[in-house]
Amino acid sequence: MSEAHSVEAVRLQVRRYYAVFAGLLGLTIVTVTISYFHLSAVPAIIAALFVASIKGSLVASYFMHLISERKFIYFVLILTAVFFLALMLLPVMHHADRGAV
Amino acid sequence: MQVPYTVEARSDTGLFNAKLGIWLFLSSEVMLFGALFSSYILLRVGADTWPHGYEHLNIPLGTLNTAVLITSSVTMVMAWASLMLKDFVKYRRYLGATILLAIVFLVIKGFEYSAKFEHGLYPSTSTYFAIYFTLTGLHALHIIGGIVVNAYFWGPGSKMWKTDPERFTHRIEIAGLYWHFVDIVWIFLFPILYLL
Chain A
47 MSEAHSVEAV RLQVRRYYAV FAGLLGLTIV TVTISYFHLS AVPAIIAALF
97 VASIKGSLVA SYFMHLISER KFIYFVLILT AVFFLALMLL PVMHHADRGA
147 V
Chain B
330 MQVPYTVEAR SDTGLFNAKL GIWLFLSSEV MLFGALFSSY ILLRVGADTW
380 PHGYEHLNIP LGTLNTAVLI TSSVTMVMAW ASLMLKDFVK YRRYLGATIL
430 LAIVFLVIKG FEYSAKFEHG LYPSTSTYFA IYFTLTGLHA LHIIGGIVVN
480 AYFWGPGSKM WKTDPERFTH RIEIAGLYWH FVDIVWIFLF PILYLL
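Those protein sequences? They're chains A and B, same order as listed. In my numbering, each residue carries its 1-based index in the first sequence increased by 46. In my numbering, each residue carries its 1-based index in the second sequence increased by 329.
Bound-form chain B, shown alone:
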């Protein structure tokens, strides 16, 4: 039996299954990060002293990572636009660039983490570093998840383009929604942790 509404939209919601599914998932993600942001506010407001992020973190590297992630959002949406324009070669180029940029982001984050560890700064060092490592670590896990999904759609998953191009285009749109959400989370994490 064919699963309904994988390509065509339901008449009542105007959405296909995956579109509704990803937005419900992203809503739960908002609450997950929201709980951590709320904890951050609670800890910061309740603390007698709180270090400035710019005193402990590398702002140029954080800024570079922000630019890398924003660029990856553009390449992600361009991958989807390429499929809309029926240009599969460009799609693979853009999605490949998205994956590479995500890896660059993680490598830069790795440099930042290792610099902290070399200076003896761990999550147990202070409340500030506990929340810093928790928030950025959870975000990095989301980046890794995005890389795995995008790598699948770049490689074996892209076979669907030949058999069901419309459904495949929807899949890339859904993967893109997740990726842009990860970008938005970083857009808020960067000033909160690095600049304030």
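This is chain A alone, in the form it adopts within the complex:
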């Protein structure tokens, strides 16, 4: 963590951790509840990944302290995200290519 940490600052963070914990449990219930509606494929995938992305962001931002991290870490993560997106696009491009034949 990049910021200086006084005892008070850490105690404030601890309160945030519990708030995030409650949020994560709530969002887990939301995800499971949505699945019982048996939505068709596209809205189901969008809803599930949307909620999972919020949960992942909460963990990364607060538990992994990315919300107050050094710029160099952001640079590493942006580079990783670019390659990750390329990986995710590969099967989509393959599918589109196959559909065009």
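A few of these clues could be false.
[Stated by the list, open to error] Facing chain A, a subset of chain B residues (Cβ under 7 Å, in silico):
id	residue
1	THR342
2	LEU344
3	SER367
4	ILE370
5	LEU371
6	LEU393
7	THR395
8	VAL397
9	LEU506
10	HIS509
Bear in mind the hints are in silico, worked out from the structure with no lab data behind them. Just so you know, even glycine gets a beta-carbon here, dropped at the ideal spot from N, CA and C.
Fit chain B to the given chain A structure using the hints.
What follows is chain B alone, placed relative to chain A:
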């Protein structure tokens, strides 16, 4: 000779060695799981039919495991916060809870696996089960790795608190970053495999 930047941050990156190291490692882990997620999309999009996860997997157990892992993330970050507050007793309690929760996660996963095997469902049964066992198995290996590292820092590795408390606190922060990453992977695995 003393290794530089084990505690103090480098002036150019603003990071100590282990912090940069763990983020580079986690980036490689993103690509490892990313390759498997990409394979999952390729297989699912290309398949004529694909079973719904909720028809084959136990959603209550999966939900329980999600709650267990999220709770373990909280106890992990609380272990680090306890060290920041110079409370070593609480640190050991929280890290011990993290290890126990990780073991609970594996036991629940074990129940799920054994139920599948009893019903004759193996990785060779279908493409769906092949990707299910591969993704959850690799994730479980990461959980085991986390247990080993955390157990070391709970036991023999915690001696460093007496000799070099700042460096030890950094080590727990690094172990925590790995553990939270494992949690994030599960946050995505759960809906993809169980709910869709």
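Hints versus structure:
Interface restraint check for THR342(B): the shortest CB-CB distance to chain A comes to about 4 Å, inside 7 Å, so the restraint holds. Using the Cβ-Cβ criterion of 7 Å, the hint placing LEU344(B) at the interface with chain A is satisfied: the shortest such distance is roughly 6 Å. Using the Cβ-Cβ criterion of 7 Å, the hint placing SER367(B) at the interface with chain A is satisfied: the shortest such distance is roughly 5 Å. Hint status for ILE370(B): holds, given a least beta-carbon distance of 4 Å to chain A, under 7 Å.
Evaluation of the LEU371(B) hint against chain A yields a held restraint, the C-beta minimum of about 4 Å falling below 7 Å. Given the 7 Å rule on beta carbons, the hint for LEU393(B) is violated: about 10 Å separates it from the nearest Cβ of chain A. Annotation: THR395(B) was flagged as interfacial toward chain A, and the flag holds, the nearest CB pair being 5 Å apart, inside 7 Å. Proximity of VAL397(B) to chain A is violated relative to the hint, the smallest CB-CB distance being about 11 Å (cut-off 7 Å).
Hint on LEU506(B) holds. Least Cβ distance to chain A is approximately 6 Å, under the 7 Å limit. Checking HIS509(B) against chain A by beta carbon gives a least distance of about 5 Å; that is within 7 Å, so the hint holds.
In summary, the numbered hints that this structure violates are 6, 8.
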